[in-house]
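**Q** Chain by chain, the residues run as shown.
Protein chains: 2
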Amino acid sequence: MKYLEDLYVGERFLSDTYQLTEENIIAFAEHFDPQPFHLDHEQAKETFFEGLAASGWHTGAVTMRLMAQTLPLATGVIGGGVDLRWLSPARPGDLLHIEIEIRALTESRSKPDRGTASIFVETKNQHGEVRQTIETRLLVFKRPG
Amino acid sequence: MKYLEDLYVGERFLSDTYQLTEENIIAFAEHFDPQPFHLDHEQAKETFFEGLAASGWHTGAVTMRLMAQTLPLATGVIGGGVDLRWLSPARPGDLLHIEIEIRALTESRSKPDRGTASIFVETKNQHGEVRQTIETRLLVFKRPG
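First to last, the protein sequences are chains A and B.
So the first sequence is numbered by our numbering: it starts at 1 and just counts up by one.
So the second sequence is numbered by our numbering: it starts at 146 and just counts up by one.
It should be emphasised that the hints constitute simulated quantities derived from the structure, not laboratory data.
Just so you know, nobody snuck in bad clues.
Within a straight-line C-alpha distance of at most 25 Å, the following computed SDA-like cross-link-like pairs (lysine to any residue) qualify:
hint, chain 1, residue 1, chain 2, residue 2
1, B, Lys190, A, Arg137
2, A, Lys111, B, Ser233
3, B, Lys287, A, Glu46
4, B, Lys147, A, Leu39
5, A, Lys124, B, Glu175
6, B, Lys147, A, Glu30
7, B, Lys269, A, His31
8, B, Lys287, A, Pro36
9, B, Lys190, A, Ala74
10, B, Lys147, A, Glu42
11, A, Lys142, B, Ala189
12, B, Lys190, A, Ser110
13, B, Lys190, A, Gly80
14, B, Lys287, A, Glu50
15, A, Lys124, B, Pro179
16, A, Lys45, B, Gly221
17, A, Lys124, B, Thr281
18, A, Lys45, B, Gly290
19, B, Lys269, A, Gly80
20, A, Lys45, B, Gly226
21, A, Lys111, B, Phe194
22, B, Lys190, A, Thr116
23, B, Lys256, A, Leu87
Looking at chain A on its own, in the form it has when it is part of the complex (with noise of 0.2 Å):
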C-alpha cells in the first residue's frame, strides 16, 4: 500500500471492469434518478438519449467502485468534490473500466503529515468510447515515523 512519498506525477493505474446491463441500469435508476430514459427501454427511445441510457451517477459511482479497487493508498481513496464531464451516455453494454494518471503531488504547507495527488479519471467502454472524465483532488497521508 502507498503513501504520498511513493507516488509519482504521471504514474498511471488500470483499473478491472464492471458490467453495466439493462437490469442495473434500472435498478439505479428506480432509487436514485428515475427518469424515464433510465427506467423503461422503450420509453427511452422517444427521449433526447433516444435508448436507454444508465444514470451519470450511476457511472460515477461505478467509477468510484473501480477507484477503490485499483488505487492502492494506504489510507484510502478520500477527495473534497469532483469536476466531472459526462461525454457520452452509457449503455447497457458497456463493459466499463478506468484509466487513472497522477498529474500533480502537493504537500500541505500547514499540515506535515500529508499531501494532494490530482488526479484525470477517464472511464471507458470495451469500445475505447469515453463516458466520462473526473479531475479531482485525493488527500494523501505521508508514510508515518
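Let chain A serve as the given structure and place chain B on it in line with the hints.
**A** This is chain B only, laid out in the frame that chain A set:
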C-alpha cells in the same frame, strides 16, 4: 411542467427529504465505495472520518433523486457534468434536502429549440449543515411549436 421560457434567474426550488441511515449508507458503500469508513461503524472510528460517513457518491446520488423529484422540467433533468464539492461528510441520521437556485439561463446559439439553465444546488441536513454543493448546467428545451 416547465420549459426554458418558464424559468427565471433567481428562481428557487426546495425538495422533499431523504433519510440517511446506517443501513442505507452501508448498502450503498458495499456496492459502490467499499472502504472501512463507509462500511463499518467501529472500524470507521479509527479513520480520517472518525466515524461512519456516507460515500460522497451516495450523497450525490440522493441529490440526483431529489433533483428529479423537484425540478418540474418537461423534458427531464439532463446535465453534461457537475462541479461537486463535499463540504462535510454526511452521517447516519442526516435527513437530507436540497435547495436549488437558477443562476443563469442561456439560449443555444446553434439549436433554436433549446438552451441551458445554470443551477447551484446545496444538499443540507436537518440542522442546516451543508454536506455538498453542485454547480451544473442543465439542458432545457423550449416549449414546442
